[in-house]
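Asker: Chains A and B, in that order, are what the protein sequence lines are. Residue numbers -14 to 443, in the numbering used here, belong to the letters of the first sequence in order. Residue numbers 4 to 109, in the numbering used here, belong to the letters of the second sequence in order.
Treat the hints as calculated values from the structure; they're not laboratory data. Treat the hints with care, as some may be off.
Listed next, the in silico DSBU-like pairs over lysine-lysine satisfying Cα-Cα at most 35 Å (straight line) [to be verified]:
id : chain 1 : residue 1 : chain 2 : residue 2
1  : B       : K97       : A       : K217
2  : B       : K97       : A       : K313
3  : B       : K95       : A       : K396
4  : A       : K430      : B       : K97
5  : A       : K139      : B       : K97
6  : A       : K7        : A       : K319
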Amino acid sequence: MQTYFIELSYLLASVLFILGLKGLSHPETAKRGMHLAEFGMLMAIIGTLIHHEIITYTWILSGLVIGSLIGLAMGFWVPMTAMPQRTALSHAFGAFAAALVGISEFYRHGGHVDKITMSALGFEVMLGALTTTGSLLAFAKLQGLVRGTPLTYKGQNIFNMALLATTIGIFVYLILVPGSLPLFFVMVGLALAFGLLLVLPIGSADMPVVMSLLNSYAGLASAATGFVLNNKVLIIAGTLDGFSGFILSILMCRAMNRSITNVLFGAFGSAETAAAGGAQQGVMREVSLEDIATQLAYARQVVFVPGYGMATAQAQHAVRELANTLEKRGVTVKYGIHPVAGRMPGHMNVLLAEANVPYSSLYELEQINPEFPATDVAVVIGANDVVNPDARDNPGSPIAGMPILEVDRAKSVVVLKRGQGKGFSGLENPLFFKDVTGMLYGDAKDTLTRMIQAVQQA
Amino acid sequence: MSPDTLITALYVFALAAFLGYLVISRVPPLLHTPLMSATNAISGISLVGSIVTAGANYNTVSTILGFTAVVCSTTNVVGGFVITDRMLRMFKRKPSPKQEEQIGHG
């Protein structure tokens, strides 16, 4: 009877999770979908609490309370600009939990688990361990604790491959010859090290792919936990998470016209790839704020193109205010969002939504590109590679073939930039040297705030 | 684990993967960040495994590991859902009536 009740709660949870994710196909249905998923989660937890193997509730309840407090604190106080870091951290937590459950299962049986369970358990612990350290390093890079540039050394890929091969070798040995606890912990240690080494050579500009990939690993680690514990809802939820991350990785790679292998092992943004871009000739034309304000005030259509620079400058609210001011004057304002703008999938959309930009004004790459020839001013805010015309025009460029937002087809382009330095990929951007382009240096938020006043006076 | 159990589990995995592919390909790029935090919260369901590990009194090590896993998973479940809700509440179709009024008078 009890078993039926538990399994029924899991079945209900599985159905509600799928309905919840289905709701995410539209912003209007998304909230209701999430409430369904939340209810499903609650049912599954209540169902589990009556599990016959549970003897003491002290640790369970204290764990639930502590976790809820941390979760609530993070949920309510993490600013939207820090969403990539938070997500990286939660991948680490999820993967760590999976790894711990796996280690506990192995330990309590003294390493004597049958071959099938061991296969699942090995996957669970290896994926869990490498995702934990990999996500923590991604977190450190996103938070600025570690430099965002790729760290490479000679023979790196060979060393990493050798390490991975050793880890898998131990895994296979443990399946065939069960019972060695020390060897198991060596495997865990190697997987932890591999996670760090995997993310070390990846630059900040490739973070959207890495985030998606770690998302996928964390999900698959949960799914493997489901195989070990023979728990169907865990398999379903973990697989949904794993595949979601996998699909996002593919979408992100496509948006950069690169393969996953290239992202993982290419060390994009290091000195060598930057040199391949070649030096650019010409001068950047600096323009005055007042000139731009006048152009904007008398434009018919203005398109804002945000990038990671908008997030670091916390300029999304200033962008919205400027847009409001322009809309009051009858200017049509749109936003062009590149899939890999920012540090995680959908990063820019969330920031602009936070600043009250209606989502009907947010345009995807394919939708906004045909609009640029009819656009009077395109305002690039802290974006660089996603508007680099070299991707389209120069087959020799390291980012050749990457779909870009074609701002250079607009009648006039303004680039808001912190300084004259290069973007994260280290590539020169020919857009900055074009005749239509004017540069405005300085903090984006500050520039935009002054721009609002200037437009009002125009 | 018996081969039968494994095969049932593989069926569940394959069907979930297929369903996941269909459902998730329909999520627009607009909602990719909420999608990531939502799937993250959902896969926090590994909490149910952690709960049993923490409460079954297998041995001290397992209890400690289980307890830590419960903390991590609960953080993900609660934090993930709270943040997803917070994000989704921000997505609005049109400016609120107040703002439209301002535009009208401008």
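Asker: Quick check: which numbered hints come out false for this structure?
Answerer: As far as the earlier hints go, 1, 5 are violated by this structure, in ascending order.
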